[in-house]
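Colleague: Here are the chains, one letter per residue:
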Amino acid sequence: MNTKSTVEIITEWDIVAARQLGRNEAKEIGFGAVDQARITTAISELARNIYLYARAGEVAIERISEGGRVGIRITAADKGPGINNIKKVMEDGYSTSGGLGAGLPGVKRLMDTMDIQSSIEKGTIIIIEKWV
Amino acid sequence: MQYQKIVSDFLSNQTERNLYIGQNFIRQLIQKKVAPEEVINIHKYAMEQLYPDLPEYISHSYDFLIEIMVHFGLTLKEHQSLLEQQEELRMEMNVATKIQNMILRTKIPQLKDIDIGMVSIPIRKMNGDYVHFLGDKSHVSVAVTDVVGKGVPAALCMSMVKYGLDTLECSTNAPSHILEVLNRIIEKSVDDSMFVSMFYGTYNVENGKFTYGSAGHEPALYYNSGKETFFDLESKGLLLGVMPEVKYPQYEIQLQDNDFIVMITDGATDFRKQGELDPRDVIKNIALSCRHLPAQEMCEKMYAYLKKLPDFDLEDDFTVVIFKK
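Residue numbers (the numbering used here), protein chains in the order written: chain A, 1 to 132; chain B, 1 to 325.
Listed next, the in silico DMTMM-like pairs over lysine to aspartate or glutamate satisfying Cα-Cα at most 20 Å (straight line):
| no. | chain 1 | residue 1 | chain 2 | residue 2 |
| --- | --- | --- | --- | --- |
| 1 | A | Lys108 | B | Glu67 |
| 2 | A | Lys27 | B | Asp63 |
| 3 | B | Lys77 | A | Asp112 |
| 4 | A | Lys87 | B | Glu78 |
| 5 | A | Lys108 | B | Glu38 |
| 6 | B | Lys247 | B | Glu234 |
| 7 | B | Lys33 | A | Asp92 |
Bear in mind the hints are in silico, worked out from the structure with no lab data behind them.
All chains, full assembly: derive it from the sequences and hints.
Modeller: Pasting the structure below:
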């Protein structure tokens with residue numbers, strides 16, 4: 001049951017496909033309506049970042065479980081320009097002031113955990129998780 | 001559930017009272033940091049309980065709202081977090097202000113031969129003006145400084161000026177020397193955009209001579225009681241910190257009984273000219289009208305008078321120091 005589904009993000013409509021996949025999975029795992037909306041929004045933001053800044057990448061969604069708990073893990077990976085200063089993008093008011101969206105701090109708030117790995121010119125991997 | 005009852009009351013009776021109860025309830029939820037999307041969900045649930053036959057499209061419309069409100073929730077959370085950060089900064093700022101006030105605390109010397117008064121009012125929390133007194137048995141010196149620039153950077157620069165003055169204290173009283181050394185210190189260590197203006201004067205208790213020099217500072221006003229006239233204590237000298245190796249000339253006047261010197265920062269003369277009236281003339285007139293008072297009271301009267309002027313909106317730190325023989 002630990003399958004991983006992946007959506008490639010190339011066009012704007014792929015963002016919708018990633019959302020759909022995430023919502024279906026979240027519903028199946030047993031998240032309530034509000035959390036489903038939060039998870040989908042988080043996926044949407046990450047996919048949008050890929051579409052806007054990295055041109056291409058992928059979003060993978062999987063079910064996770066640990067000690068009787070279940071949850072969802074989303075991995076967004078791209079080969080874009082990378083994030084120069086991770087601390088800076090995690091500051092409130094940094095990306096949102098330009099009206100770019102929820103920003104990474106927002107994504108983090110929607111989920112339980114968030115992990116960013118990024119290197120300049122090589123790309124970025126962001127992993128977020130939320131438990132039921 | 002409480003919310004369900006409130007909604008039900010309102011739906012059966014659309015009174016202001018029921019709306020008011022609803023608002024009070026929401027206030028509790030906000031205090032508990034319940035997100036907006038959560039509130040829609042509570043509403044949806046309440047409606048489904050109250051009306052088991054609720055049309056599907058109504059339910060769906062709530063789902064749509066939940067989706068949309070997630071972004072409002074994020075904006076709200078970000079706002080809350082920024083407010084917390086602001087509060088932290090404010091507290092740090094308060095501590096820094098206390099430290100600055102402690103570092104820059106000035107005690108007005110009490111001497112028999114010369115009466116000294118001072119008023120210094122900061123426009124923001126941190127004062128960009130600084131008055132430094134030093135003295136021994138034979139001399140009393142004063143440095144009236146104004147950092148060009150405001151807030152924290154100005155305050156940091158000011159501490160440097162203070163330590164510079166403290167260090168120079170024992171070696172000399174000559175204004176030209178003190179200004180030269182301070183200029184060198186500031187020029188070397190401070191950002192190019194930061195300058196300090198300073199009027200430095202030293203009074204010789206034994207012979208009644210007042211020696212002064214200035215680095216780009218507002219000229220002090222000297223009242224000669226014998227001639228019943230004011231003179232500007234002008235002195236050419238560049239602001240501190242602009243260029244290395246600047247020379248500062250010094251001048252000397254002989255004070256007689258009832259003479260006084262008014263040293264100010266440009267915050268005191270920064271009000272718009274009232275018709276033909278020169279701000280410096282306004283200050284001279286006030287000083288003249290209360291010259292019978294002790295120096296401290298003169299300073300206080302002057303600030304009280306200027307504050308009341310319709311055109312005087314304090315936009316800069318205000319400082320006045322009076323030496324009166």
